[in-house]
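Each chain, letter by letter, is given below.
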Amino acid sequence: MCVSLSLCLVRWSRYNPYYLDPDPSKDARVPESELSPEEKELQELKTVSPIKAALSSDTSSAFNDPLISKFINMMMQDGNKILARGIMTQTLETIKRKQVEKYHKSPAAKREEIECNPYTVFHQALENCKPIIGLASVQKGGKSYQVPVPLTDNRRRFLAMKWLITECRDNKHRRTHMYEKLSQELLAAFANEGNVVKRKHDLHKMAEANRAYAHYRWW
Amino acid sequence: MLVFFLFCFLYKSRLSLQYDHEKISERHTGQYYTLPAAHIQKLFPHGLPPRFQLQIKTFNEGCVMVRPPALELISYLKKADYSKPPLRYILYGDVGTGKTMCLSHALHYCYTQGWLIVHISDAHLWVKNCKELLPSSSRPSRFDQPIQASQWLKNFKITNERFLSKVQLGYVWTKRERTEKGQPLGELVDQGVNRMKSSSDVVGAVLRELRLQAGGATEGEGAFKLAVAVDGLNALWGKTSLKKEDRTMCEPEELTLIHNVRKMMKNNWSGGAILTALSQTGSLFKPQSAYLPSELLGEEGFDNMEPFVPVSVSNYNEKEFESCYLYYLDRNWLQHSHSRSEEGKKELIFLSNKNPSILERLCAFL
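Residue numbers (numbering that gives the first Met the number 0), protein chains in the order written: chain C, 0 to 218; chain L, 0 to 365.
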């Protein structure tokens, strides 16, 4: 199945800043009466300003999850989105199988504690992997110091995903499949264990240790 | 509300439907019945589709949906005359519609009625990816597959343990080993399992003995009915991907195992039934759109199998889809909040076209 032939490349790579992002979900259209004045202004803007072309990976279905799409994009190598998406679906399936098996084998009292939804497991695991504070290299007086620095939301999400993927690619046994490695790491992160959460804690400890250099930051 | 009542009805009937094949009738189409764990271990050491085996492990139970093709097959089995040559049934249908599952259901019926089961779970595994291809010890132009043959004998032993001591052999002769008259079948099978080199010949001998004895004794301890089940029947008359030592392609007739199974498919014996299913997914050199018997079996296969009773297997109808959906909900399998809504269900119908295997793969990650 040759992907490049069937895709028509409509989306530009650089857009003028006044172009708005497309919102493919079915709830995008809300009747006028339910909007506050600011939202009405936004709606006016949408009718007038141009909108970027939608990505072919976005769907209007409610099964579409932007976080999962972002993770798939980060896992993708050489543009092989089909393989990356396949790995993601297999990961979700493996997580669900492990949890549902545990659910069916446990007594009725413990069943409520077991989280079977792979999407909530994924979101929670990612939250547990996100660092709160990061380090930036600042040069002062010929020497560079590691300065603790606040991180934006996007940067935190990026770091969490990057750590998960590199951990699974590098530090696991060669012969296991990626989806197995990912599911193990995600379930561990969900329980606040595992190497990725350890790496986050290490970063926090380094930032705490370098507290003295905090005022080297000027932004 | 209607969905709630339907759910309760289906749930209760799922619990109460044990494997009592006397009671299962057309009223129960769409409902699930539970395969007892002991039966699964004995009857299907190798027979079930891999995804279904995963499902059994996850849900801690093996539930099969009762569907019209399987019921049709079982009704034919109930009404057939076993003093006449066996009827050949071929399950055919598009990819993923449930042919192997229907075959397994009918085979379970045979097992509960006390038949002797000869089950070849996937004939395609015998015509491709065989690591060892030895020239046959008994005939010069044949090739043996010791690993596949001994694996099959092990599974045969697990399934038919109670018959191994009861069935007495006539004078069986393979080139090197002879078994005297009156010895139980179990010894021959053990010989085949232990000595890998002669296992393909042992398979042939076992099949021949069962053919001769199936219709033999009408009463008393020696009587048994023989169920021959082959999945992936089109492998027997297709092409192989195996090469001989001089790098020419191997024909299926030159393989001992395939030759013996082909002899089994002829209706020159009595006292049993031949249940088969076609399969495009494992087949070699066949287009993906081919699913009819004439397309998959080819001319030679079709002529050999004629006359046969064709049983068509198709996608789920609305009632069956509903039942499958409710089963997944009950087993806590559909986790995504949107999949539990009405719109989500419509999306699932649209995406899967009510094809059982595609629906299963979709619901796996939702």
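Hints may contain errors.
As the list claims (entries may be wrong) - Pair by pair, the computed Cβ-Cβ distance ranges are:
no.: 1; chain 1: L; residue 1: 248; chain 2: C; residue 2: 169; range: 41 to 51 Å
no.: 2; chain 1: L; residue 1: 336; chain 2: C; residue 2: 200; range: 29 to 39 Å
no.: 3; chain 1: L; residue 1: 281; chain 2: C; residue 2: 16; range: 35 to 45 Å
Derived by calculation from the structure, the hints in this document are not laboratory data. Heads up, the beta-carbon is just placed ideally off N, CA and C, and yes, glycines get one too.
The hints, checked one at a time:
1. Between residue 248 of chain L and residue 169 of chain C the CB atoms are about 44 Å apart, so this pair conforms to the stated range of 41 to 51 Å.
2. Here the CB-CB span from residue 336 of chain L to residue 200 of chain C is close to 32 Å, well matched to the stated 29 to 39 Å.
3. Separated by about 55 Å at the C-beta atoms, residue 281 of chain L and residue 16 of chain C break the suggested range of 35 to 45 Å.
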